[in-house]
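Asker: Read off the chains here:
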Amino acid sequence: QKEVEQNSGPLSVPEGAIASLNCTYSDRVSQSFFWYRQYSGKSPELIMSIYSNGDKEDGRFTAQLNKASQYVSLLIRDSQPSDSATYLCAVRPVTGSARQLTFGSGTQLTVLP
Amino acid sequence: SAVISQKPSRDICQRGTSLTIQCQVDSQVTMMFWYRQQPGQSLTLIATANQGSEATYESGFVIDKFPISRPNLTFSTLTVSNLSPEDSSIYLCSVEDRQGAGQPQHFGDGTRLSIL
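If you're matching them up, the sequences are chains X and U in order. If you count by the working numbering, then the first sequence holds residues 1 to 113, one letter each, in order. If you count by the working numbering, then the second sequence holds residues 114 to 229, one letter each, in order.
Chain X on its own, in the form it takes in the complex (with noise of 0.2 Å):
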């Protein structure tokens, strides 16, 4: 099983309608949980940290997480064309000296105009 997974996708959204990316983790202690954004050519981009049960809004990107079913997702409102991206889910567990993130494969949007 790997350790952070995510749907490949593609997942296509109209512009304005409602993007739901989800992200599944294996390592329950894990504490830290990142959503990036990566355009194509580019490096990822930080857009949202979470690190506690429940919803974190900022803008129209809202984190939701659920450490007891080890879960993490991303929802984007009122969707832009600009937003189509691959969208990064990393996890990284507070124990010990473990800072290095795990990152999960990507979730391809488009959001179609």
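Read the hints as simulated data drawn from the structure, not as lab findings. Heads up, some of the hints might be wrong.
Capping the alpha-carbon separation at 30 Å, the derived lysine-lysine pairs in DSBU-like fashion look like this [claimed, not checked]:
hint	chain 1	residue 1	chain 2	residue 2
1	X	LYS42	U	LYS178
2	X	LYS56	X	LYS67
3	U	LYS120	U	LYS178
4	U	LYS178	X	LYS56
5	X	LYS56	X	LYS42
Please build the complex by placing chain U on the supplied structure of chain X, with the hints as guidance.
Answerer: Only chain U this time, still in chain X's reference frame:
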């Protein structure tokens, strides 16, 4: 967040040669991370570079192939040695904004490496 500059941004190299990638940060950071992103794939950590100590390599990556230097708190280099077509990837350095287990990482623009 820290400003991270990577050089070169891209290169095309011959088989058997080596390429050294530089990563410069505009503030002092304890840890710098080097990742590889193969075509169509996600990011895989190569190693963690601490100033004043040997880099810590992840499973599947060895120092002879990926030597790393970390001479000070704002700079690191990654060398990819004895290049083969399988080394064609994007190489990325990253840093944490602030020291702490829960801090996110931010990435440089990456180095796109192609092997002839």
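Asker: Taking the hints in turn, state whether each one holds.
Answerer: Hints versus structure:
1. Proximity of LYS42 of chain X to LYS178 of chain U is assessed by CA-CA distance (about 25 Å); at most 30 Å being required, the pair is judged to hold.
2. Proximity of LYS56 of chain X to LYS67 of chain X is assessed by CA-CA distance (about 14 Å); at most 30 Å being required, the pair is judged to hold.
3. Between LYS120 of chain U and LYS178 of chain U the CA atoms are separated by roughly 19 Å; this keeps the pair inside 30 Å, and the hint holds.
4. A distance of roughly 42 Å separates the Cα atoms of LYS178 of chain U and LYS56 of chain X; the hinted pair therefore is violated under the 30 Å criterion.
5. Under the criterion of a C-alpha separation no larger than 30 Å, the hint pairing LYS56 of chain X with LYS42 of chain X is consistent with the structure, at around 26 Å.
Checked against the numbered hints given earlier, this structure breaks only hint 4.
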